[in-house]
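Number of protein chains: 2
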Amino acid sequence: MYWSPDCVENVVIGINGQFPGPTIRALAGDTISVELTNKLNTEGVVIHWHGIRQFGTPWADGAASISQCAINPGETFVYRFKVDKAGTYFYHGHYGMQRSGGLYGSLIVDLPEGEKEPFHYDGEFNLLLSDWWHKSSQLQEVDLSSKPFRWIGEPQTLLMNGRGQYNCSLAAAQFINSSSSICEFRGNEPCAPQILHVHPNKTYRLRVTSTTALASLNLAIGNHKLVVVEADGNYVQPFSVDDMDIYSGESYSILFTTDQDPSKNYWISLSVRGREPKTPQALTILNYFPTSASKLPTSPPPIAPLWNDYNHSKAFSNKIHARMGSAKPPTTYDHRIILLSTQNSIDGYTKWAINNVSLVLPATPYLGSIKYGLKNAFDHKNPPEDFPSDYDVMKQAPNPNSTYGNGVYMLSFNSTVDVVLQNANALAANVSDIHPWHLHGHVFWVLGYGEGKFTEEDEAKFNLKNPPLRNTAVIFPYGWTALRFVADNPGVWAFHCHIEPHLHMGMGVVFAEGVDRVRKVPNDALTCGLTGKMFLNNKGH
Amino acid sequence: MYWSPDCVENVVIGINGQFPGPTIRALAGDTISVELTNKLNTEGVVIHWHGIRQFGTPWADGAASISQCAINPGETFVYRFKVDKAGTYFYHGHYGMQRSGGLYGSLIVDLPEGEKEPFHYDGEFNLLLSDWWHKSSQLQEVDLSSKPFRWIGEPQTLLMNGRGQYNCSLAAAQFINSSSSICEFRGNEPCAPQILHVHPNKTYRLRVTSTTALASLNLAIGNHKLVVVEADGNYVQPFSVDDMDIYSGESYSILFTTDQDPSKNYWISLSVRGREPKTPQALTILNYFPTSASKLPTSPPPIAPLWNDYNHSKAFSNKIHARMGSAKPPTTYDHRIILLSTQNSIDGYTKWAINNVSLVLPATPYLGSIKYGLKNAFDHKNPPEDFPSDYDVMKQAPNPNSTYGNGVYMLSFNSTVDVVLQNANALAANVSDIHPWHLHGHVFWVLGYGEGKFTEEDEAKFNLKNPPLRNTAVIFPYGWTALRFVADNPGVWAFHCHIEPHLHMGMGVVFAEGVDRVRKVPNDALTCGLTGKMFLNNKGH
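Chains as they are written, first to last, in the working numbering: chain A, 6 to 546; chain B, 6 to 546.
Hints are computed from structural coordinates only; laboratory data are not their basis. Mixed in with the good hints, there may be bad ones.
Short derived list, chain B residues pointing at chain A, Cβ under 10 Å [to be verified]:
(1) Ala75
(2) Tyr100
(3) Gln103
(4) Ser350
(5) Asp352
(6) Phe540
Because the structure is a prediction, the values reported are computed rather than measured. Glycine included, every Cβ here is placed at the ideal spot set by N, Cα and C.
Generate the whole structure from the sequences, applying the supplied hints.
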């Protein structure tokens, strides 16, 4: 549908006539039922419930080719799943580049009645962060699949709750050394910023989620400290910062206290991190009662850390620990998988690969093909669990043996799995990107981050005392990140870079565990590919 | 894939890396087998074999929601069908606006070895005509479904064999009173015109098909007469004209003789008819041996008839008669259906409707739902076979009782059916468009065209002596067109305006006949909607 997310008219994938989709709010322990009817003309669609474990309902995970078939135009699929843990989540498309096309919304799970959060707040806000291109998601897909490769470029605009400003700035003229004009809003425009109205001397909870297709972000509130208390639906030991990084796929709750001069307003800013920022800072206003919301802050907007000040980012990540009293990880692992991320050229196409295999999703959902033992739905050879020991992660590498693949890492049910994500140099010299990796169906402990190539000796540095539980963790340029999780959720689960064009270019793997324990997968999740054919061949007619 | 159909880079739906798709050539009596693998990212796809009757293979007709489910990304569907009659045909997408997106190609059926055409020619050419928008087909779909309505506008460029020139003209400066510059080509550009190289004093067969999404066209070759010999795969009594109209969905063979000065070249021109032309004339060159192909014609390009000179168009249509000795139509009919075409506003959406019903295609293909007696797949009430006798086709009408519908006209097998297509005033005053109606699965006799509202008395004017056989026939503004066909092809068949946005806006109906005689529909044509669910419920697992 037509919409103007950043004051420039464009087409978005809307839900029930809204963009972003409606916020879904439930209590922990609730069962959520969503009837998704696909009203697109020719495109299939799915929705992934990001951060929800889907324990017992792996078919409701909403990952096309993995947990279900895409829903055809005109058809309805019912997602029915339990939300077992309070926290800040979101939902989004997980097919092609439909997330970039605007298919997303917030999902907030509150504590059951009678239970209390381990921190106090007087009110709360929710900010769903995203990035927006003026080029359609379909054209972006063609770009990424072209030979020679065409990069989609940086987003035109950053959005907060689906609202951004492309041709103007809230702080123009007054503070920003740019030619852009000051924004003028009546207030009811779809791109008018959502102002946060607060009372003095209160504490607010700000829920922040990032469903960006590409951008890593830095959030700050001028003159206010941010106290981080939740990450990806897990409590963290509270710590205070002036600004915070948030990568695609992550969610946080932060507390801030309105202890500043109430006769002024303050900037809330969002800036690009980790890529040379060609996208302007996004702004909105923290409005103190009884000051008018239209009064601009008297100070300039917060200055973001330099885009490539990775030490700043690492310092933030290293501050995140599990809240005291949280469950500790198993002290040993059963299975360790090393995953090297490289940018590769395969037959002249630019791809991302894991241990030199670039993921191409099959036409048949793995959940069905594994459950029903279909032999030809994907490559049953085990994908590589390591990379050559002489591989130099600091240098450009031609990786001449790169291939496409769709194999599955088969995990023993209830085993403890360590994954070491290893970053490396990309195709160009002296380039190594940030990649936030997201695991479906689980939470993992982040045992640590390190520089260069991971070695067995690095294990001594693992934090087994208070590692944070997350569902998304970043690998820094030329570094490694170590994760541990228990493979206790029967199903098939994507584990992938949450940068949507990177996943589209093959940057992901597939884990499966205990699929024999999955109770009957609803047939209507499996109407495509070889599972579809299997039903057809039941010769009822 | 990226392509530059009109010298402006854009994305087209290609086939095997080509645009237009490869020309398929076969002999009458051959069975054609096409394996269509859908390599689009998130869109389904089908291909309709326009003009092929699909006798005995109604599931291979390639009309989404009617003969089959759209083929999912990553999946392959095999179209296997017999081409029983020599002639000039084409193929194209029949889902959403994918035809407008470039999904088309030529299909030429030659006489079997040993058989001879009833006319002589020394060589032949093929011109597949289309129109091209710079806006993607997905955005066009959103436009047409928007409230308030957004018309897609006129095409930017007319294409011959997928080649056109947007920013320049072959005849610029020299002849055309415009600011556009002269085209300069090396010759290997995808938008370089395809030049027709001929020898003097020969006769050539020019096959012409129009797969335009919108434009009605007029074709002329400067200084040369066109002798029409074939229409939609049927021989016609040869007649000679200076220029000819061709509507979307039509195909012709014309003969021309190279009897002009061989030291010159001549223009071949294509112009818009029936809509105020905002799209420049398309040109290519008829190049006489041994003159250089780069030598421009010395005369200006042919001047097209005025866009609204409907008398010129009617005169052409009325010249088309069946070749002497062709089979005559039955002299009486069993069933007459009057179909009034109106433009309607339904809940603020702009639609086209037939007898006040705007077609919305169902999620389940009719061929499956009728074959298997599924009750809830579509509305089983018969759609209206006439319109109120006091309806004034010359005036704007609010049509307050317009509805959406998906009912089927059930035809008795082997009955003779008359269809009278009745045109009317559109929503705006003094507007009545041209609509070329195309029938799947059949040829029909065009019994006549008339002005104003059809009455029983008009029947006396029907041509039962030598009406031409066609699969596409136009209704002129404020007029009617009478067709007769025998419902002898078991299956379900679309009958619709071949202007793609008009069909998308509801301008079509569905005929069904003898579905009980259809042998087993391949299950893989029916994996969606309620037929899909039917297979799932066979509880094999």
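Original post:
Hey, does the aspartate 352 of chain B contact hint survive, CB to chain A under 10 Å?
Top reply: 13 Å, violated
**OP:** For the hint on alanine 75 of chain B, just tell me whether its beta-carbon gets within less than 10 Å of chain A.
**Re:** 7 Å, holds
Subject >> Hint check, phenylalanine 540 of chain B versus chain A [nearest Cβ-Cβ separation less than 10 Å] >> reply: 5 Å, holds
Subject >> Closest C-beta approach of serine 350 of chain B to chain A relative to 10 Å, hint status >> reply: 19 Å, violated
**OP:** Let me know if the C-beta of glutamine 103 of chain B comes in closer than 10 Å to any C-beta of chain A, holds or violated.
**Re:** With Cβ-Cβ at 7 Å, under 10 Å, it holds.
Original post:
With 10 Å as the cut and Cβ atoms as the points, is tyrosine 100 of chain B at the interface with chain A?
Top reply: 5 Å, holds
Violated hints, in rising order: 4 and 5; the structure is consistent with all others.
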